[in-house]
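Given the structure of chain A, go ahead and fit chain B onto it with the hints provided.
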Amino acid sequence: MSGYAWPPRSDDPGYRTYLFDQVAIDDLHRLEVAREHGAYKTLERALAEIKPEEITATVKSSGLRGRGGAGFPCGLKWTFMPKFDEPRPRFLAVNADESEPGTCKDRVLIRERPHLLIEGILLTTYAMQCRAAYIFIRGEYETEARVLQAAIHEAYANHLAGKNVLGSDFSVDIHLTRGAGAYICGEETGMMEALEGRRGHPRPKPPFPAAAGLWQKPTTVNNVETICNVPKIVEHGAEWYHEMGTEKSPGNVLAGISGHVKQPGVFEVPLGITARELIYDPKFGGGILGDRELKAFIPGGSSAGFLPASKLDVAMTHDDLKEAGTMLGTASVIALDETASIIRATRVIADFYHDESCGQCSQCREGTGWLAQILRRIEHGQGQPDDLDTLLDLCANMKGKTICVLSDAAAWPVELALEHFRSEFEQAIQRARPAVAMSSGQEL
Amino acid sequence: MDTQNTDTPNKGTPNKGESPLPPERVEWWRKRVTHFPEARAVLLPLLHDLQDHVGCLTREALRWAADFVGITPTEVYGVATFYWMYEYEPRARRQIAVCHNISCDLRGKDQVLEAIRDELGLAPGQRKTDDGEWSLRTVECMGSCTTAPMMAINGEYFENLDPAKTRAILEEIRSGKHELPASPETFAPHPEVVTTYEHEEAKA
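The listed protein sequences correspond, in order, to chains A and B.
The opening residue of the first sequence carries number 1 in our numbering; numbering runs sequentially from there.
The opening residue of the second sequence carries number 1 in our numbering; numbering runs sequentially from there.
Bound-form chain A, shown alone (with noise of 0.2 Å):
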């Protein structure tokens, strides 16, 4: 069975998969039936055969992008790290804290392919002359915690991590730390900030991660995704990998399509594939639940913003959506039909990026909560004339001004909205009613 999709399912897809493909095995997780499947193979070839250097040049020409929502290109990454005879040591973190609303692959890939993950850590550690991977997980995962560390145990018990990975002069550690529930933690320098034992502080950039990353180190971050398409690529090339996908973003993604369909889940797609497919392909999403109109999606995870359904047959690639005004982001898909509030799911969206900001700058730090304000006044039929004004003002003003993205991320989504349902925003600051007592803030 050719599996695709989590939850597993029976159909045939019609295309080629390699991170879902065994997904429907039972016990996947463990080292010996992972093994039986074909786990650490290429490993065990790259280690005897193919030169670091090899794989970081295969790994570039594949085109491989990074899938933690950036999509910048993996191997051109890798080549920022200093040469090999610079004696400093080098890491990899591993970018485990997926929280960007609408996703939630990895997780999937961390509970039921761990040896996959951790397979992929070690041949991208290797690429790169890495003494050891980071990896942090969010702190929420402790199921997927669990069995990460329990399978990374296993790997160590059986010389697959540790000093002389397979009997070759190759070593690595794999440590594993648990977050303790911050999205910021997942931009790459905030991460590396908790993985420290601080507050989850995005740093300025530069000095970019390659030049100085953990503990002053250089260090390479890539989301968990990407490192599990390695292996992949490692063991058939970089000629197969552009078989799927297109030319410039090619290679499978994992897509997760939440909201208002008939069957959420996450399925590993082409990457060109259209946000109508995903939603409407009985294979994927199957349509809208009762059959309802679809009204708006978001592409690519909360950040990415809303489309109005003119917009379905994007072609889901960081190219296309970037020129439709959005982006890849992570994939994920989010549906809402006919009956869905633009301005409440746009401020759910904002409490959302008010409660994470971390605070270090001012236009992030009082944007968000700003933004959350005037839209929540907004959807309590208390809008006043202007507030769509001060509400396009305020996210001019919180773009491409801070240490971080988040401040941009949280701004995306308002002017998305205000682009394409702006007359849902001024009807109902129309229909406005004198202020009443209301309340102020998140519902707990």
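No lab work stands behind these hints: they were computed from the structure.
Do not take every clue at face value.
Derived Cβ-Cβ restraints for the label pairs, each shown as a range [to be verified]: (1) A:S171 with B:A123: 54 to 62 Å; (2) B:W28 with A:E86: 32 to 40 Å; (3) A:K401 with B:K177: 47 to 55 Å; (4) A:E426 with B:R127: 35 to 43 Å; (5) A:P207 with B:T74: 42 to 50 Å; (6) B:H53 with A:Q384: 46 to 54 Å; (7) B:G108 with A:N164: 49 to 57 Å; (8) A:E32 with B:R30: 30 to 38 Å; (9) B:H178 with A:E32: 25 to 33 Å; (10) B:T72 with A:P206: 28 to 36 Å; (11) B:A123 with A:S341: 22 to 30 Å; (12) B:T72 with A:E86: 31 to 39 Å.
When the alpha-carbon atoms are kept at most 35 Å apart in a straight line, the in silico DSBU-like pairs for lysine-lysine are as follows [stated by the list, open to error]: (13) B:K165 with A:K283; (14) A:K311 with A:K401; (15) A:K262 with B:K177; (16) A:K60 with A:K163; (17) A:K41 with B:K31; (18) A:K205 with A:K322; (19) A:K51 with A:K311; (20) B:K165 with A:K262; (21) A:K401 with A:K83; (22) B:K31 with A:K163; (23) A:K83 with A:K205; (24) A:K83 with B:K31; (25) A:K248 with A:K205; (26) A:K41 with A:K60; (27) A:K217 with A:K322; (28) A:K41 with A:K248; (29) A:K283 with A:K322; (30) A:K205 with B:K31; (31) A:K217 with B:K177; (32) A:K60 with A:K262; (33) A:K322 with A:K401; (34) A:K401 with A:K248; (35) A:K163 with A:K262; (36) A:K205 with A:K217; (37) A:K283 with A:K262; (38) A:K401 with A:K205; (39) B:K31 with A:K51.
Cβ atoms here follow ideal geometry from the backbone N, Cα and C, with glycine treated the same way.
Showing chain B alone in chain A's frame:
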């Protein structure tokens, strides 16, 4: 950059107060800090462990953690309060967290909250049952978007909820039919790390 105690990396400093953790856990953490260039790198997991053993992060626990990793209690407090999962008042035996972010909101988290409140006798805005057994709060996205709506109780996820399912889960927990898991940090096996950062530094 950290300005405090940069001359005492890697070793948990001798603790002044009595340890809130059992001796074997203290040993575990003493070994763990050798896996990092700085002892404070264990801070987040250490605070989880302390919270699980003590029940919440008391002043004494925070002070002990500060001593252990060699930074000031103020600094530890500053770090801890950045993260929502740490608490400073004794926690309820069963803590419910309901996601109120976009995907859960669209799929009916309001009905789930209503069912929980009704089942436990909580008024809107009330965070703890009168007997102190249960607490309820809403939280930001827990990564359960395609299985929304969801709640987590003591860290265990319950997904694809509707009011009836929510009530049934609470009843199973209340009657002892469903046992909630122990915290992962406490039982995580210790990886046999053979080349620690310390050794690397010695070579450099």
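Status of the hints after comparison with the structure:
1. A:S171 with B:A123: 54 to 62 Å: holds, 58 Å
2. B:W28 with A:E86: 32 to 40 Å: The hinted range 32 to 40 Å holds for B:W28 and A:E86, with Cβ atoms some 34 Å apart.
3. A:K401 with B:K177: 47 to 55 Å: Holds - the Cβ-Cβ distance for A:K401 and B:K177, about 54 Å, lies within 47 to 55 Å.
4. A:E426 with B:R127: 35 to 43 Å: Given about 37 Å between the Cβ atoms, the range holds.
5. A:P207 with B:T74: 42 to 50 Å: violated, 28 Å
6. B:H53 with A:Q384: 46 to 54 Å: holds, 51 Å
7. B:G108 with A:N164: 49 to 57 Å: holds, 53 Å
8. A:E32 with B:R30: 30 to 38 Å: holds, 32 Å
9. B:H178 with A:E32: 25 to 33 Å: holds, 29 Å
10. B:T72 with A:P206: 28 to 36 Å: holds, 30 Å
11. B:A123 with A:S341: 22 to 30 Å: Distance hint for B:A123, A:S341 holds at roughly 26 Å.
12. B:T72 with A:E86: 31 to 39 Å: holds, 34 Å
13. B:K165 with A:K283: Between B:K165 and A:K283 the Cα gap is close to 27 Å, so the pair holds against 35 Å.
14. A:K311 with A:K401: holds, 29 Å
15. A:K262 with B:K177: holds, 31 Å
16. A:K60 with A:K163: OK: A:K60 and A:K163 at ~28 Å, within 35 Å.
17. A:K41 with B:K31: Given that 35 Å is the threshold and the Cα spacing comes to 32 Å, the pair holds.
18. A:K205 with A:K322: It holds: about 23 Å lies between the C-alpha atoms, which stays within 35 Å.
19. A:K51 with A:K311: Status violated; Cα separation ~45 Å.
20. B:K165 with A:K262: Holds - the C-alpha atoms of A:K262 and B:K165 are around 19 Å apart, at most 35 Å.
21. A:K401 with A:K83: Holds, at about 33 Å.
22. B:K31 with A:K163: holds, 17 Å
23. A:K83 with A:K205: This hinted pair holds, its Cα atoms lying about 21 Å apart.
24. A:K83 with B:K31: holds, 32 Å
25. A:K248 with A:K205: Satisfied, since the Cα-Cα distance of roughly 26 Å is no more than 35 Å.
26. A:K41 with A:K60: Holds, at about 21 Å.
27. A:K217 with A:K322: It holds: about 33 Å lies between the C-alpha atoms, which stays within 35 Å.
28. A:K41 with A:K248: holds, 29 Å
29. A:K283 with A:K322: holds, 26 Å
30. A:K205 with B:K31: Distance ~34 Å between A:K205 and B:K31 Cα, so the pair holds.
31. A:K217 with B:K177: violated, 50 Å
32. A:K60 with A:K262: violated, 38 Å
33. A:K322 with A:K401: The given pair, whose Cα atoms are some 20 Å apart, holds under the 35 Å limit.
34. A:K401 with A:K248: This hinted pair holds, its Cα atoms lying about 29 Å apart.
35. A:K163 with A:K262: violated, 49 Å
36. A:K205 with A:K217: Distance ~15 Å between A:K205 and A:K217 Cα, so the pair holds.
37. A:K283 with A:K262: Holds, at about 11 Å.
38. A:K401 with A:K205: holds, 13 Å
39. B:K31 with A:K51: At roughly 34 Å apart (the allowed maximum being 35 Å), A:K51 and B:K31 satisfy the hint.
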